[in-house]
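Protein chains in written order, with the numbering used here: chain S, 31 to 399; chain H, 4 to 417.
By construction, these hints were calculated from the structure, which means they are not laboratory data.
From the three backbone atoms N, C-alpha and C, an ideal C-beta is built for every residue, glycine too.
Check before you lean on any hint, since a few could be wrong.
What the hints assert, rightly or not - Pairwise CB distance ranges, derived in the manner of DEER restraints: (1) VAL233/S / ASN7/H: 38 to 46 angstroms; (2) GLY52/S / PRO119/H: 56 to 64 angstroms; (3) ASP281/H / PHE287/S: 32 to 40 angstroms; (4) SER381/S / ASN7/H: 31 to 39 angstroms; (5) THR118/H / ASP34/S: 37 to 45 angstroms; (6) SER382/H / ALA51/S: 37 to 45 angstroms; (7) GLU44/S / ALA96/H: 43 to 51 angstroms; (8) GLU76/S / SER335/H: 42 to 50 angstroms; (9) GLY81/S / ALA14/H: 37 to 45 angstroms.
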Amino acid sequence: MNFDFSNDLKMLREQARKFLAGRCSRQVVRKVFEGGAGYDAELWAEIARMGWLGTAVPEPYGGSGVGYDGLCLLAEELGYVLAPVPFSSSIYLAAEAIMIAGSEAQKQKLLPPMIDGSRIGTVALAEGMGNPSPEHIKAKVASGHLTGTKMPVPDGEIAHFAVVAARDEADDIGVYVVELSGKGVARTRLKGIDPARNQAKIVFDGAPAERLEGARGYAIIDELIDRAAILTAFEQVGGAQACLDMAKAYAVDRYAFGRPIAAFQAIKHKLADVYVAIELARSNAYYGAWAITAGAAELPVAGAAARVAATDAFHLASKENIQTHGGIGFTWEAGCHFYYRSKLLAVSIGSAPYWKDRLIAALERRNAP
Amino acid sequence: MDFNDTAEEAAFRADVRRFLEVNAKRKSATETAHRGRYIPDANLAESLARAKEWQAKKADAGFAAITWPRKWRGRGGSPIEQVIYNLEEANYAVPRGAFEIGLGMCIPTMMAYATPQQLERHVRPALRGKEVWCQLFSEPAAGSDLAGLRTRAERSGDDWIINGQKIWTSGAHFADFGIIVTRTDPGVPKHQGLTFFFLSMKSPGIEVRRIKQISGTSNFNEVFFTDVRVPDSQRLGNVGDGWKVSLTTLMNERLAVGDAPGPDFDDIFALARSLELDEGPAIRNPAVREKLADWYVKTVGLKYTKFRTMTALSRGQTPGPEASITKLVSASKLQEIASYGIDLMGMTGAVMDGEIAPMEAWFQEALLYAPGLRIAGGSDEILRNIIAERVLGLPGDIRPDKDVPFRDLKSGKR
Numbered sequence: 031m032n033f034d035f036s037n038d039l040k041m042l043r044e045q046a047r048k049f050l051a052g053r054c055s056r057q058v059v060r061k062v063f064e065g066g067a068g069y070d071a072e073l074w075a076e077i078a079r080m081g082w083l084g085t086a087v088p089e090p091y092g093g094s095g096v097g098y099d100g101l102c103l104l105a106e107e108l109g110y111v112l113a114p115v116p117f118s119s120s121i122y123l124a125a126e127a128i129m130i131a132g133s134e135a136q137k138q139k140l141l142p143p144m145i146d147g148s149r150i151g152t153v154a155l156a157e158g159m160g161n162p163s164p165e166h167i168k169a170k171v172a173s174g175h176l177t178g179t180k181m182p183v184p185d186g187e188i189a190h191f192a193v194v195a196a197r198d199e200a201d202d203i204g205v206y207v208v209e210l211s212g213k214g215v216a217r218t219r220l221k222g223i224d225p226a227r228n229q230a231k232i233v234f235d236g237a238p239a240e241r242l243e244g245a246r247g248y249a250i251i252d253e254l255i256d257r258a259a260i261l262t263a264f265e266q267v268g269g270a271q272a273c274l275d276m277a278k279a280y281a282v283d284r285y286a287f288g289r290p291i292a293a294f295q296a297i298k299h300k301l302a303d304v305y306v307a308i309e310l311a312r313s314n315a316y317y318g319a320w321a322i323t324a325g326a327a328e329l330p331v332a333g334a335a336a337r338v339a340a341t342d343a344f345h346l347a348s349k350e351n352i353q354t355h356g357g358i359g360f361t362w363e364a365g366c367h368f369y370y371r372s373k374l375l376a377v378s379i380g381s382a383p384y385w386k387d388r389l390i391a392a393l394e395r396r397n398a399p
Numbered sequence: 004m005d006f007n008d009t010a011e012e013a014a015f016r017a018d019v020r021r022f023l024e025v026n027a028k029r030k031s032a033t034e035t036a037h038r039g040r041y042i043p044d045a046n047l048a049e050s051l052a053r054a055k056e057w058q059a060k061k062a063d064a065g066f067a068a069i070t071w072p073r074k075w076r077g078r079g080g081s082p083i084e085q086v087i088y089n090l091e092e093a094n095y096a097v098p099r100g101a102f103e104i105g106l107g108m109c110i111p112t113m114m115a116y117a118t119p120q121q122l123e124r125h126v127r128p129a130l131r132g133k134e135v136w137c138q139l140f141s142e143p144a145a146g147s148d149l150a151g152l153r154t155r156a157e158r159s160g161d162d163w164i165i166n167g168q169k170i171w172t173s174g175a176h177f178a179d180f181g182i183i184v185t186r187t188d189p190g191v192p193k194h195q196g197l198t199f200f201f202l203s204m205k206s207p208g209i210e211v212r213r214i215k216q217i218s219g220t221s222n223f224n225e226v227f228f229t230d231v232r233v234p235d236s237q238r239l240g241n242v243g244d245g246w247k248v249s250l251t252t253l254m255n256e257r258l259a260v261g262d263a264p265g266p267d268f269d270d271i272f273a274l275a276r277s278l279e280l281d282e283g284p285a286i287r288n289p290a291v292r293e294k295l296a297d298w299y300v301k302t303v304g305l306k307y308t309k310f311r312t313m314t315a316l317s318r319g320q321t322p323g324p325e326a327s328i329t330k331l332v333s334a335s336k337l338q339e340i341a342s343y344g345i346d347l348m349g350m351t352g353a354v355m356d357g358e359i360a361p362m363e364a365w366f367q368e369a370l371l372y373a374p375g376l377r378i379a380g381g382s383d384e385i386l387r388n389i390i391a392e393r394v395l396g397l398p399g400d401i402r403p404d405k406d407v408p409f410r411d412l413k414s415g416k417r
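Chain H with its partners taken away, still in its complex shape:
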């Protein structure tokens, strides 16, 4: 066992560091590690412009899509190189949150199903950050059960007419293009009647509305479709094969989802050491120590599990389902740490004023956004099902809707 890079990995890391050192600003010691996951709402236009500028630099240096083939201006590199790049970039204050979905999910789906001409037109602008993509999957009545979606696409000559509603669409308010899965045949069981398209978010009939989350911020949108016309040439995959195409996208999502951003063991450990309560420093309390130990073990457990993944990647093997573990464990852990951090502050814990609450109210802020992390990108329950079925090989759930035409399925009021 050793934790060092191979010679090639070390050379790559040195390239990355050179690039970052010249082109980006290193994070200060006090800068909380994970802030800036979304493009901030304040000065949206300016933030977005900065993100696009950074993306172009990254792309021109060959770091924007490390594992993509050179043909598409990727680096033709290995997954381990992508991991190394991500780790290094995390040390720098660079804009994040505009292109992850497009480059991580939408364009890879395009690469699998679009025509060469379409790829010629769309890949490079996406890679350089000129055009932003979003993913139009979830619906009010189709979350974990995505295949239950209701947005209709109906054939009209060479076009399709889309009507319906999508929800939880990150970045739809500044996206140029989107990928969308729709229902084209309600007369067959739900998975069989879907068809997949890409479309311009500037198409007439699309209305984007921001969603105000429990945290008070707005990172997601509702997107309404009223007679939106999409040419058949923008269909990805065959009519009725939309589910298969969606799985390509979702497979890429599982690879993209990682640690829950927010206060982690180091932060609550630092908080417990710095808080002087009447009965002494919080860290001296045995109950606090026991909790801290549990979180430490989970935190490094995930870190070393990632080392195992990296070892597999480094040998050119396909890693196992570790990504499911990471999100499942880290989202709940974040919620617990945020809540307990506030408990440690005692009666003042409920104050969210950044001047009063330690670490600029990071724990309070995290408490309010943590519930979203346990739901987005595969809820805790779905992740447990994935682990049970794909890792442990246990049987699938009972599916009473399996052989029933979609239009005959029962539905509730929500």
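Next up, chain S with everything else stripped away, as it sits in the complex:
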């Protein structure tokens, strides 16, 4: 039994942790949060220089080929500090979509500039209210031109291109690469719950679209979100752990009724419950890391379970962090809300009720009577 990451990967995590602790303080997050730039471009460039963006991408496409388990650990660290960079959109989603659905030539062309950080990608899936499903996809591509409205698109305003889910003339679902600064594309910034995470509405009106030729059908989306669920889960576990650490630090130092509030069972038991939720989520995420790294048939079950556990744990940890801080936690200044607002992670590839249903469906398939 070896249900742990290798020592090399733990070293990678340690380096990432040190780097981010020094480079990505809460002031850095706050600057992006309040400044409206959408992301920290310098931090993005530094992360790219360290090779993080290509962790799970094979060497022929410019990556380091370390593997998904390495990417999982980086995701956890990025989540811990709420790094204001388009990592999830460009790497968990766009690069993964290209790896799943791109032809050999398309991978060679599209991936290297993403990995060196010069081009940011995103995936445009949502078309308004609802969760991922074939019926949800209404955007159309005819003679290589895309028409339709995608909303919200994560990092849609800062991405150079999007991988767009759309239907072809035969009504079959595919994914298409579309340049977002080109003709036939109109982007508007959306007001989001989390100002540190850019979101846009994108109207495509005959925009040139190149189909990813390596795979077809809605199965692409299924696989894409199963994988993204695991990577996002690590980011959420990291964020939840940061909330618990913040709450602990505050509770030990805040005195009321002549004692640190951390000595009262109302606080102790609350934080114990948060700890338990995080550990269960972490264990589910670990299993997800194994499934995605091994390319296991368990991926749909592992991905959904990791997502459900991590979404619940992060929400619990972030709200109870504010509660533990009391009135101070409710102020803009305290910064607890940065984590609380990360609700975007909980809905971006489908919300919790959707993923719970998806989990049970995957279990029904696995344990077919």
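Following the hints, complete the assembly by docking chain H onto the known chain S.
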């Protein structure tokens, strides 16, 4: 990451399987995984004899105390080997419930404090199941606050005279020996006035009464002590050091406590799939699916947390406080699953007739014993305190009784 055994672990597992295959009966597919946690009351003598016979076989093959030193006829093995053995044994229908407390808690405490002669006398009969041990700790007025116990031991020449009452003692009705913590000095603060002994359960003055639980069964006892004489040579640890000795026992308990036995995710999933209600199969109901997903995530979350523990054990590291998480989460989850399973059955859910209620009324039965699991071996509240203090490093509770002589402490009517 991989889920395979190392070469040594695989060899050990193969040994275990060979032993079990030859000596025990494999569970049938319909046999519910965890039944048989206690020695059943019906045909007590016969059940106990079967348990003792099985224990002797296990001991002779070297599987009864895998981590004990060879000197005491243990295997000198590693904790991971114990885990492997437990997992394998769980697939077989073997008697359980008579020796766990003795071998898991009482004898390890003896090993830390008894004389070589005493160990020579007691370890082997306990290991082979010839003698059963029980643990006399909790009292009517001392549960979570164990150090508040009132059973008195007073010096009388070379002996001690014990008077008082213990409660929740599993197996006292068939135990041969017990370990007991008593108050020897009420004039000092509560933790300082305790002293620890072992004694024969056949001693004159001991009366064991069964407790009928809300489930209707009786797994625990009240034990009354009236002028029970114990020689000073059976004292474990110094006079006044009883709390320290108790902690040795309790540390072993935390390692022994695990999953709450009863219907789990797989069982409620199977139930939801098999129940055809008027509006269609229960599994098609979105509210049901959402609940099931929550339980699945908790169930496998615990399973993978155990994998992390096993990884640590396999590397010779000391595992963290995962055992507290397991009991805290699984006892409540069991209670919820049992209750919801009954809800799924609708108007017939309240029927406990094994012919009518699905899975031989397993959910109904579990609903009635689940409350005990949230209390025994560290209540939910105590476990949360342990996590908060020992894992998260938060400060201890306010203890107004800390520096007060025991006899001056306030007490209520209960």
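We went through each hint and held it up to the structure:
A hinted range of 38 to 46 angstroms for the beta carbons of VAL233/S and ASN7/H is inconsistent with their spacing of about 53 angstroms. Checked against the hint of 56 to 64 angstroms, the C-beta distance between GLY52/S and PRO119/H comes to roughly 58 angstroms, which is consistent with it. One distance hint, 32 to 40 angstroms for the beta-carbon pair ASP281/H and PHE287/S, is violated here, with the actual separation near 56 angstroms. In this structure the hint that SER381/S and ASN7/H lie 31 to 39 angstroms apart at CB holds, the actual value being about 37 angstroms.
Under the hint 37 to 45 angstroms, the C-beta atoms of THR118/H and ASP34/S, about 42 angstroms apart, fit the expected range. In this structure, SER382/H and ALA51/S meet the distance hint of 37 to 45 angstroms, their C-beta atoms being roughly 38 angstroms apart. At about 48 angstroms, the beta-carbon gap between GLU44/S and ALA96/H stays in the expected band of 43 to 51 angstroms. Checked against the hint of 42 to 50 angstroms, the pair GLU76/S and SER335/H passes, with Cβ atoms roughly 45 angstroms apart.
Range check, GLY81/S to ALA14/H: about 41 angstroms between beta-carbon atoms, so the 37 to 45 angstroms window is met.
Checked against the numbered hints given earlier, this structure breaks hints 1 and 3; the rest are met.
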